[in-house]
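Make a model of the complete structure from these sequences and hints.
Going line by line, the protein sequences match chains A and B.
Quick note on numbering: the first sequence equals residues 1 to 231 in this note's numbering.
Quick note on numbering: the second sequence equals residues 1001 to 1198 in this note's numbering.
For the record, the hints were derived by calculation from the structure and aren't laboratory data.
By construction, the Cβ of each residue, glycine as well, lies at the ideal position given by its N, Cα and C atoms.
Some hints here could point you the wrong way.
[Said to hold, decoys possible] Capping the alpha-carbon separation at 20 Å, the derived lysine to aspartate or glutamate pairs in DMTMM-like fashion look like this: (1) B:Lys1122 x B:Glu1182; (2) A:Lys72 x A:Asp51; (3) B:Lys1036 x A:Asp47; (4) B:Lys1122 x B:Asp1069; (5) B:Lys1153 x B:Glu1084; (6) B:Lys1009 x A:Glu224; (7) B:Lys1176 x B:Glu1143; (8) A:Lys72 x B:Asp1020; (9) B:Lys1120 x B:Glu1189; (10) B:Lys1009 x B:Asp1175; (11) A:Lys72 x B:Glu1072; (12) B:Lys1190 x A:Asp51; (13) B:Lys1009 x A:Asp59; (14) B:Lys1036 x A:Asp32; (15) B:Lys1009 x A:Asp51; (16) B:Lys1190 x A:Glu224; (17) B:Lys1036 x B:Asp1069; (18) B:Lys1173 x B:Asp1152; (19) B:Lys1153 x B:Asp1175; (20) B:Lys1036 x B:Asp1011.
[To be verified] Heads up, incomplete: computed chain A residues facing chain B, CB under 10 Å, no partners named: (21) Val5; (22) Gly8; (23) Gly21; (24) Asn30; (25) Thr36; (26) Arg42; (27) Gly46; (28) Asp59.
[Stated by the list, open to error] Chain A regions said to be covered by chain B (calculated; three or more residues, Cβ under 8 Å): (29) 68 to 76; (30) 126 to 138; (31) 174 to 184.
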Amino acid sequence: MSFSVFSGSLQLTEPDGRTTGYERFLITHNPDGSRTLRTLTRSPTGDLLRDTNQLVGPDWQAIEAIGRLFVKGQSHGTVMRRIEGGMLHSWVWNHSTEADYATFAAPRNLLLGFHPISHDAWKMNFLDRAHKDWQDVWVHTVSVTWNGSTLGHGELRRSQGRFEGLEDVSVPAGRFACERYTWASPSGSELGIWRTGDANVLVKMVSLGGARKGAFYELADYREERVNWRP
Amino acid sequence: MRTLTRSPKGDLLRDVNQLDAADWRPIEGIGRLFYKGEAHGTVVRRIVDNQLHSYVWNQGTPTDYAVFDAPENLTVGYHPILHEAWKMNFVDIASSAWQEVLTHTVSNTWNGRSLGHGMKLKSSARFEGIEDVVTPAGRFRCERFTWLTPFDKELHIWRTGPLRILVKEVVAKGDKHGTTYELAEFAEEKVHWSAEER
Chain A
1 MSFSVFSGSL
11 QLTEPDGRTT
21 GYERFLITHN
31 PDGSRTLRTL
41 TRSPTGDLLR
51 DTNQLVGPDW
61 QAIEAIGRLF
71 VKGQSHGTVM
81 RRIEGGMLHS
91 WVWNHSTEAD
101 YATFAAPRNL
111 LLGFHPISHD
121 AWKMNFLDRA
131 HKDWQDVWVH
141 TVSVTWNGST
151 LGHGELRRSQ
161 GRFEGLEDVS
171 VPAGRFACER
181 YTWASPSGSE
191 LGIWRTGDAN
201 VLVKMVSLGG
211 ARKGAFYELA
221 DYREERVNWR
231 P
Chain B
1001 MRTLTRSPKG
1011 DLLRDVNQLD
1021 AADWRPIEGI
1031 GRLFYKGEAH
1041 GTVVRRIVDN
1051 QLHSYVWNQG
1061 TPTDYAVFDA
1071 PENLTVGYHP
1081 ILHEAWKMNF
1091 VDIASSAWQE
1101 VLTHTVSNTW
1111 NGRSLGHGMK
1121 LKSSARFEGI
1131 EDVVTPAGRF
1141 RCERFTWLTP
1151 FDKELHIWRT
1161 GPLRILVKEV
1171 VAKGDKHGTT
1181 YELAEFAEEK
1191 VHWSAEER
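Structure representation (C-alpha cells):
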C-alpha cells in the first residue's frame, strides 16, 4: 500500500505581462485510491484569500469538499459539501450563526466547484478522450461570479469541454507531457487547459477570449513524493 | 492551520484544516484520516455559542451529528504535531504555574489512529520561558512550554512568532521518549491589500 503527494504552485501572468504568485496546491493520491486536492489561492491584488479541500473517489466522483473565503478584509464563511446517496448536502456557515443546510440533486459525474484554478484541470475529469466532440461539464458551484468572490449554496451550471490531444508543454516548473482540453466555461470565457500525470495536475491554463484574453496560469514549481507501506 | 501528516512507516495519512479566531478561540476544524490503507472518514467541527457541533462522515453512511459543550479555553484536537504549539494557546505566559489544558479530541489514542466524535481530555502545562532554538530551518526566538499530556507523556514544546509555529517538540518522558520533531524548512510571505484599492 502506498500514497503519493504532488505539490507546487501556480503563477498568473496578466495580459499586460505582469506575473504574480496565485495558488498553492497539494494533492494526495490516497491509500484507498481516492484523491484529495488542497488549495490556497490569493488574488493578484491581495484582496481575496480562498482555502479549499476536495476529496474524490478512485473514479473521480466527488465525495466531499470544503471552501473558506476571505474578500476585502472580511470573512465570508465556509461551505461544506458532501455527496451521499445521489444527493449533495450543503452547509453554509458564516462563522457566527447556525449553519444553513440545503440539499440538491447530485447526478453522476457532478463536479463540485469552489473556484481554485488547480481544480479547473479536474473539471475535465469526465470528458471522454476517445473523441474530440464537445461534451457536457456539470458543476455545482458556490459562486456564479467569474472569480468566486462570493460563497453560498450556489447552483448547478452546465458548460462544455472537449479533449484536444496530447502535447508537451514547457512552464517555469519544467517540461510536462500533457492532455490538452478546451473548456467553454459557464462565465462565457473559453479556456485552454493542459494537465499532467496521475493526479491530473494543472500545468497551464490560457484565457482564449473575453475580457481577460491572453491571461495565463502556469505551474511555477512542482514536486512529487511517494510513500510506501507494507503491512 | 493546514497540515498533512504521514507516519514514519507510511501507514497513516492525516489531513487537517483548523480555523481559529483572532483571540485563538477555535471556529472550525476538519480532519480526515487514512490508516493502514483504509479511509477512516472525516470529522468536521464548528463552535457556535459555547457548543461544539461535530459531524462524522464515514463514506457510504449518513452523517452522524452530535453536540458537546465548548468551554472558553477549549482547543479542538486532530493530532497534527504542529497543533501541539496551539494546544498552549490558553496557557498564561505571565505565570510559570501549572495550568489546565482542555482539548476535545477526535481520538483517544496517542497518535490519533482513529476518528470519531471523540471526548474532552484534561491535562496540564506551564510556560517555561523564552529561549533561542536552532533547527534545520534556522534559529528562532521561542516561547518554551512543558505539557503533561493526557497520554502520560511529558512534552517540551518551543513555538515562535505571531502564528505560534512549532519549532521543536521533544518527548521528554513516556512512550517514544527521546523522539524529537523539528522545523525542517520554513517560509513566510506577506500579502498586502489596502481598502483604497477597492
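Evaluation of the provided hints:
Taken as a hint, the Lys1122 of chain B and Glu1182 of chain B pair is broken in the structure, with Cα atoms around 26 Å apart against an allowance of 20 Å. For the given pair, Lys72 of chain A sits about 15 Å from Asp51 of chain A by alpha-carbon distance, which is consistent with the 20 Å threshold. Our distance criterion of 20 Å between C-alpha atoms is broken by Lys1036 of chain B and Asp47 of chain A, whose separation comes to about 41 Å. Annotation: proposed proximity of Lys1122 of chain B to Asp1069 of chain B holds, straight-line Cα distance about 14 Å (limit 20 Å).
With a CA separation close to 13 Å, the supplied pair Lys1153 of chain B and Glu1084 of chain B stays within the 20 Å bound. A distance of roughly 18 Å separates the Cα atoms of Lys1009 of chain B and Glu224 of chain A; the hinted pair therefore holds under the 20 Å criterion. With a C-alpha separation of about 23 Å, the suggested pair Lys1176 of chain B and Glu1143 of chain B falls outside the 20 Å cut-off, and the hint is violated. For the hint linking Lys72 of chain A to Asp1020 of chain B, the alpha-carbon distance of about 19 Å falls within 20 Å, and the restraint holds.
At most 20 Å may separate the alpha-carbon atoms for a hinted pair to count; Lys1120 of chain B and Glu1189 of chain B exceed this at roughly 36 Å. Annotation: proposed proximity of Lys1009 of chain B to Asp1175 of chain B holds, straight-line Cα distance about 17 Å (limit 20 Å). Proximity of Lys72 of chain A to Glu1072 of chain B is assessed by CA-CA distance (about 29 Å); at most 20 Å being required, the pair is judged violated. For the proposed pair Lys1190 of chain B and Asp51 of chain A, the alpha carbon gap of about 16 Å is at most 20 Å, so the pair holds.
Taking the CA atoms of Lys1009 of chain B and Asp59 of chain A, the gap is about 27 Å. The hint is violated against a cut of 20 Å. Between Lys1036 of chain B and Asp32 of chain A the alpha-carbon distance is near 9 Å, which keeps this suggested pair within the 20 Å criterion. Using a Cα cut-off of 20 Å, the hinted pair Lys1009 of chain B and Asp51 of chain A is violated, with the two alpha carbons roughly 29 Å apart. Pair hint Lys1190 of chain B plus Glu224 of chain A does not hold up; C-alpha atoms about 26 Å apart against a cutoff of 20 Å.
Taken as a hint, the Lys1036 of chain B and Asp1069 of chain B pair is broken in the structure, with Cα atoms around 32 Å apart against an allowance of 20 Å. Annotation: proposed proximity of Lys1173 of chain B to Asp1152 of chain B holds, straight-line Cα distance about 8 Å (limit 20 Å). For the given pair, Lys1153 of chain B sits about 7 Å from Asp1175 of chain B by alpha-carbon distance, which is consistent with the 20 Å threshold. The hinted pair formed by Lys1036 of chain B and Asp1011 of chain B meets the criterion: a straight-line CA distance of about 5 Å does not exceed 20 Å.
For Val5 of chain A, the interface hint holds, the least distance from its beta-carbon to any beta-carbon of chain B being 7 Å, beneath 10 Å. At about 14 Å, the closest approach between the beta carbon of Gly8 of chain A and any beta carbon in chain B exceeds 10 Å, and the interface hint on this residue is violated. The closest approach between the C-beta of Gly21 of chain A and any C-beta of chain B is roughly 8 Å, which is under the 10 Å cut-off, so the hint is satisfied. About 5 Å separates the beta-carbon of Asn30 of chain A from the nearest beta-carbon of chain B, less than 10 Å, and the hint is met.
Here the hint on Thr36 of chain A is kept, as its CB sits about 6 Å from the closest CB of chain B, short of 10 Å. At its closest, the beta carbon of Arg42 of chain A sits 5 Å from a beta carbon of chain B; the interface hint therefore holds under the 10 Å criterion. Proximity of Gly46 of chain A to chain B holds as hinted, the smallest CB-CB distance being about 4 Å (cut-off 10 Å). The interface hint given for Asp59 of chain A is violated, since its Cβ lies 13 Å from the closest Cβ of chain B, which is over the 10 Å cut-off.
Counting residues of the segment 68 to 76 of chain A whose beta-carbon sits less than 8 Å from any beta-carbon of chain B gives 3, enough to reach three: the coverage restraint holds. Only residues whose beta carbon comes within less than 8 Å of a beta carbon in chain B count, and the segment 126 to 138 of chain A has 0; fewer than three means the coverage is violated. Using a Cβ-Cβ cut-off of 8 Å, 0 residues of the segment 174 to 184 of chain A lie near chain B, which falls short of the minimum of three, so the contact claim is violated.
This entry does not satisfy hints 1, 3, 7, 9, 11, 13, 15, 16, 17, 22, 28, 30 and 31, going by the numbered hints stated previously.
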